[in-house]
Amino acid sequence: KAGVTQTPRYLIKTRGQQVTLSCSPISGHRSVSWYQQTPGQGLQFLFEYFSETQRNKGNFPGRFSGRQFSNSRSEMNVSTLELGDSALYLCATGGQGENGELFFGEGSRLTVL
Amino acid sequence: GNSVTQMEGPVTLSEEAFLTINCTYTATGYPSLFWYVQYPGEGLQLLLKATKADDKGSNKGFEATYRKETTSFHLEKGSVQVSDSAVYFCALSSKGGSNYKLTFGKGTLLTVNP
Chain R
408 KAGVTQTPRY
418 LIKTRGQQVT
428 LSCSPISGHR
438 SVSWYQQTPG
448 QGLQFLFEYF
458 SETQRNKGNF
468 PGRFSGRQFS
478 NSRSEMNVST
488 LELGDSALYL
498 CATGGQGENG
508 ELFFGEGSRL
518 TVL
Chain V
10 GNSVTQMEGP
20 VTLSEEAFLT
30 INCTYTATGY
40 PSLFWYVQYP
50 GEGLQLLLKA
60 TKADDKGSNK
70 GFEATYRKET
80 TSFHLEKGSV
90 QVSDSAVYFC
100 ALSSKGGSNY
110 KLTFGKGTLL
120 TVNP
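Here the protein sequences line up with chains R and V, keeping their order. In this note's numbering, each residue's number is its place in the first sequence (first place is 1) plus 407. In this note's numbering, each residue's number is its place in the second sequence (first place is 1) plus 9.
If you are wondering where the hints come from, they were derived from the structure by calculation, not from laboratory data. Among the hints, erroneous ones may be present.
Calculated lysine-lysine pairs in the DSSO-like style (CA-CA distance at most 30 angstroms, straight line) [what the hints assert, rightly or not]:
1) V:K115 x R:K420
2) V:K77 x R:K464
3) V:K69 x R:K464
4) V:K115 x R:K464
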């Protein structure tokens, strides 16, 4: 089956701008989670969506938001970008019968200048 | 709250050496435990998992045993290869909550030299 697809793979923005990242899950997976990966903080949980509802949220400011569509595709948005938002943003999807295993995309690498 | 502590490395080994990466956790209840691997330029892939105490997860020559008494899930491999060079993450998910929220350790960079 096709894997988790994230777009865009790379992007460069300037401070104050906003960005939208997209994630298409594995067919049949209804849970989509987002993680931020940085050298200093490692992998940090942003939020999880299931059936278009946010089910869990990490400890990030309100500038970070997300949503999930009826086809389970998800987007995350970061507004008023700061230099510290430069990171690899990973999307992970899961489904029933996967025993809690998450399947990760290759990530979207965001650089804020 | 939940937390995972793993040796941060970097770890540098020669081919065919024995590998151990330590991982301990703090969690309420009985979490599921995972090792994920990230190869350069790629996302994370599940390496192995264990869902209850004394379970042993294994894959590609790697093994880890869920030790409830020591709250540990150490990763081991008897003979590493150059192709094992990657970053390894220990992670847990708590039962009772969402199975899809993982808490990760900071990762251990492994470099295997020929």
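Under the criterion that the straight-line Cα-Cα distance not exceed 30 angstroms, is the pair V:K115, R:K420 satisfied?
-> 26 angstroms, holds
Is the straight-line distance between the alpha-carbon of V:K77 and that of R:K464 30 angstroms or less?
-> It holds: about 28 angstroms lies between the C-alpha atoms, which stays within 30 angstroms.
Pair hint outcome, V:K69 versus R:K464 [Cα-Cα no greater than 30 angstroms] | Violated, at roughly 34 angstroms.
Does the structure keep V:K115 and R:K464 at a Cα separation of 30 angstroms or less?
-> 20 angstroms, holds
Hint violations for this structure: number 3 only, all remaining hints satisfied.
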